[in-house]
Amino acid sequence: MSHLLEVKNLQTEFKQSKGILKAVNGVSYHVDEGEIIAFVGESGSGKSVTQYSSLQLIPTPPGEITGGEILFEGHDLLKYKPTGEEMRKVRGGKIGVVFQEPMTSLNPVLTIGRQLEESIRLHLKLDHAASHARAVELLGKVGISDPESRLKEYPHEFSGGMRQRIMIAIALSCEPKLLIADEATTALDVTTQAQILELMKNIVKETKTALILVTHNLSIVARYADRVYVMYAGEIVENGTTEEIFKSPSHPYTIGLMNAVPSLTDPKDRKLVPIEGFVTNLVNRKDQCAFLNRCPYAEESCGTLPDPLLKPVEGEDNHFAACHRKITKEAKRTKAAVDSTREVKAFTEEAKKDPILKVEHLKMYFPVYGGMLHKEVGQIKAVDDVSFEVYRGETFGLVGESGCGKSTVARTVLRLNHATDGKIIFDGNDITHLNDTELLPSRRNMSMIFQDPFGSLDPRQRAGDIVMEPMKNFKLKMTREEMDHRVEELFRVVGLDPAYRDRVPHEFSGGQRQRLVIARSLSTDPSFIVCDEAISALDVSIQAQVINLLEELQQQLGLTYLFIAHDLSVVRHISDRVGVMYMGRLVELADWKSLYDHPMHPYTQALLDSVPVPDPDVEAGRETKIIKGEVPSMMHRPSGCAFSSRCPHATEACRREAPPLVEKEPGHRVACILA
Amino acid sequence: MLNTKSNVEAAQALSSSNQSRAQSARKERSRQFRKAFFARKPVVFAFGIVVVMVLLALLAPVISPCSPYEQDLNNILAGPSPAHLLGTDGLGRDTLSRIFYGTQVSLSVGLVSTAIAGAIGIALGLIAGYVGGWVDSLIMRVMDAMMSIPLVIMALFLGSVLGKGLGNVMLSIGIVMIPGYARLTRGQVMGVKQLDFVTAAKIGGATKFTNTVKHIFPNSLSPNIVLATMNFGSAILIEASLSFLGMGINPPTASWGAMVSDGYKFLNRDPVLAIVPGIFIMLTVWAFNIVGDALRDALDPRLRGA
Amino acid sequence: MVRLILRRIGQSVVVLFLVTLMVFLVMHAMPGDPVSLYLGPTATPDQIQLYTKEFGFDQPVLVQYGKWITGLFHGNMGRSIAFQEDVGPLLAQRVGVTLSVTLPAFIIAVILGIILGVIAAVNHGKAADSVITSLANIGISVPIFWVGILLVYWLSLKMHWLPVQGYTPLSTDFELGIKKLIMPVFVLALGPMASFTRQTRSAMLEVTQQDYIRTARSKGLKENTVIRGHALRNALIPIITLMGMSIGGLIGGTVLIEQLYVIPGVGSMMMTAIMNKDYMVVQDTVFFIAAVVAVCNLIVDITYGFVDPRIRAEN
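Protein chains in written order, with my numbering: chain Z, 726 to 1400; chain G, 1011 to 1316; chain U, 10 to 324.
Worth flagging that the hints you see were computed from the coordinates, not collected in a lab. Careful: at least some of the hints might be erroneous.
[Said to hold, decoys possible] Calculated pairs, DSSO-like style, for lysine-lysine (alpha carbon to alpha carbon, straight line, at most 27 Å):
(1) K231(U) with K877(Z)
(2) K231(U) with K814(Z)
(3) K972(Z) with K1036(Z)
[Claimed, not checked] So the derived list for chain G, only partly shown, Cβ under 8 Å to chain U, looks like this:
(4) R1151
(5) F1167
(6) V1171
(7) G1243
(8) S1251
(9) I1285
(10) W1296
Quick reminder that beta carbons are idealized off the backbone N, C-alpha and C, glycines included.
Build the full structure now, drawing on both the sequences and the hints.
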């Protein structure tokens, strides 16, 4: 039987000033009816370009499909003109696409009804009334309530998750044979991500549609995909069934990816193993293994051989890997050996007597202006009565979905906002109401690492000056030479060549930039560092590097971290104690083990249920409980417990009064009357 | 995505010997900038015109065949001849020499008025963005009021009060252009203020003043450079318009706009008189506009390295 | 939406008030006495005194300002020395003339500018793009009075197709009126048309990079639908802003055009007033122009709200 879609030896190139970039280099794959396949790889691996090529959606120029065949239902799509009638019938008619950015993928000036019906009318040749009815039906199907009236609304009136549902409705509008989801859930919160993925899975299984998931997230692959293609530098380096790929990964890159990401099921002493180095420059690429420069298993002969082709992995039917050597998870590394475990510090009662930071009943309200005269008409309670303490030398993780107030807590603690109410006690001093000058002595002892390393570095400042600036600002009484010396030392500490100190930020890679930010944060030798989503913007292999660096620094320098992140697996890996926030309140706080092993708050439970695990066996045995609904708007917070509107166990009592955070077990505090 | 890759490449290309490190990094940066700046062919031509105009202005006394003021009433409205390559005007003055000297007027008007407008406008924008509150509102409302009067009308209006003459023309054009810089700078300051690196500096102990001087101001500047380049051309155009209307430079000083106006009287007899100075106005303004466009593209990091 | 409009009207009133203050202060900083300037060196002190009293120049500055402002409110714009007429009716009579040049010029500039801009953007990097972009770049650089002169030389003096200058109301002689309007309208339209072309092109290029255009293409829409139905609607938003801003340039251009083609409009009236130091007229005209610009910008902002649902929602 022929496949629904079969791509053979696809080649896509981009012309650049310095030469030709082969973004897709001889990629072949196929997908059958009702099947879910996944493309995994980091940014720049060519996984998205491959999908756009198959739809002829590549911007030409500078892009060009230079070779291959794309057989869809037996017809070669490359024989069609990109904007021609036949291609357009397939694109949108038989293949639907859901893109990564829900916030920008819908046209802001057209109603969603128009955007949906336009596609229906075009492909199904329905009249206005019939296409409207179909649009209503589709919106209902993707889980949007009151579809009739919502069709008249514009994209900005919907949340990110809702927009992604609308995108799915558009993609499904013409009953496609194939659905392509390009990082469709990457920008979404974990509970919404789970909802959207379940929705797609159910639709696919119901209608026998095939689904291609393009993602960088191995856990999603493990939970949803039947088969997997691993891409690196524009090539497929390994493919097989999900089972085979996770059980016996056979390409060094696949193994590297798996070793780099933390999982909810990890032993606590597991050490992440980053993939060192950079993706090789694909402009004017050489005929040799593209992973060679980063491969920990490479032998000398690898450098002399041409680019390896996919070969069957011994003993398995549909499993292929493109490697000159026969590599398994247990294979010996030819480059520097690494530890796979780390030392986990014991957390003593003694340490708990010495909090470096105490936050008491912190409130941070932002005024909302409106009306003709721009008067204050309300408040957003971004942080509402939050209390916790951070002990010296620990990592305190703060998790929650976007908008829950975790970053506001961090910014308020650092006194970037003026707290509405409550107390911030840092190192024994009440810093809640100090002015900028009075704050200086405390500020010397705290610093921050930001989410976007590029945005947090002044593009016009040189790396060395960036690191030196705090030393000058705090008037540390250091001579110029001492400061120079310290800058070089800090560069080495974070793993940057001190020779780079004259470069400007855009001359560094993403990972190097984050190292530079870390170097700056260490320059005044602080004991407390806030990491605000410090690793979220980085590729997984770089993430592992930065996490390891943060851990090493903590050990060497005795640092305390307030680690804010939305990735629950990372927080579990790095934190000693964890707080969970929902709509401006702390709903649960415990040491990492009790929190992850016995979550007591229904919200924490829901969060943990939503997170997939990069292990198909675990996933198969897991019951996927997906929480319903979305986080309500901060302007319309439900009365009583904020979670009561989504909580499966909520009672009348929950809606009456907001439960306080109380200690239910030693060291385990929960804000729920039912726990 | 592609950007990062070329950065990596740039980074690799940069890691040369320790000695020449700083220098080579700077060299590489300026090389990249030049490449981005001259990416399009017209830019080379436009840049050439700017250079030629500057040279003409500087060398006018040296290369002009005659004095621009010397009248030869026996030889008025003469056609091109070896003595007068572009002929003479209604008072028998050498057209070519007057055009060369006109370059001085145009460029100095462009330079001085742009400097006035830039200095005052950027300062006002910084103050508005830095201080905020009612100071901001007051400054910006006054700028709005100024902007609601069209450039040429405003310049004419100010000119009618200040009187004619080179200095007054420079001043009124300069004043007219202030709001553009003030608005742009304020917008930049408000935008840059929000960026993480400003927050980072604050946590790193920078005071509001240090932060403004060291981070906010330098990062608000580059769009102003583009605006200044473009305004250089606009100033020349406004001066020409004022002089054409008889409200600009006092005769007998040679101004291209006034020359077109004078030439118009003799359009039927000697069209060259009106046409040639106009070509110079157009070329100069065009050149500054194109250079401004190219600067904008070269300064825009999104377009760099692609 | 109503709130948005009301707030914008409030802002415009504040700005116009500042305009009156600014214009008045600047006018009174003018060196020289308008009456003696008007009457010339042969005037007797009696005459000067009489006129000074008639125009109220003997009163304190603040009173003069108050009188002007209250006059404006009641539609009484004061009296012109040079024209020996009330400014109100004078202005009213001239606005019609100016409008008959600016309005067609504006419409032509908008329509042609947008069409050319879209053509350039759709053919990005091809010959049509280069030609249109180059012409637009020349269009924003060229002094319009000079283009006017070139056209006079070619179309009037050489070809004898069109009259050199002058203005005939269309109601008097339609054909002649039109013939006299062709050159002024075209020349005035040139600059704004060039900037509309540039702006449309860059807005279209920007918009076609957006994710939602990729979405539109992924739906299998015709390229034509993608461009007209999706891209242009978004690109129009910055173009509408430019329309508002171009009104000022258009009015500025009118002064030059009316001077060049001897058209008795607001621009030439202002020039006459400036030459004669007729300061009531200058003051009133500048205020009137600022008011026109303010109203146009108000209309633009309101239109904005209709085109962009996000702005509508903010209120």
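Each hint, compared with the structure:
1. K231(U) with K877(Z): Holds - the C-alpha atoms of K877(Z) and K231(U) are around 24 Å apart, at most 27 Å.
2. K231(U) with K814(Z): Between K231(U) and K814(Z) the Cα gap is close to 10 Å, so the pair holds against 27 Å.
3. K972(Z) with K1036(Z): holds (18 Å)
4. R1151: holds (6 Å)
5. F1167: holds (5 Å)
6. V1171: Interface hint status for V1171(G): holds (5 Å vs cutoff 8 Å).
7. G1243: Holds. Min distance 7 Å.
8. S1251: holds (6 Å)
9. I1285: holds (7 Å)
10. W1296: holds (4 Å)
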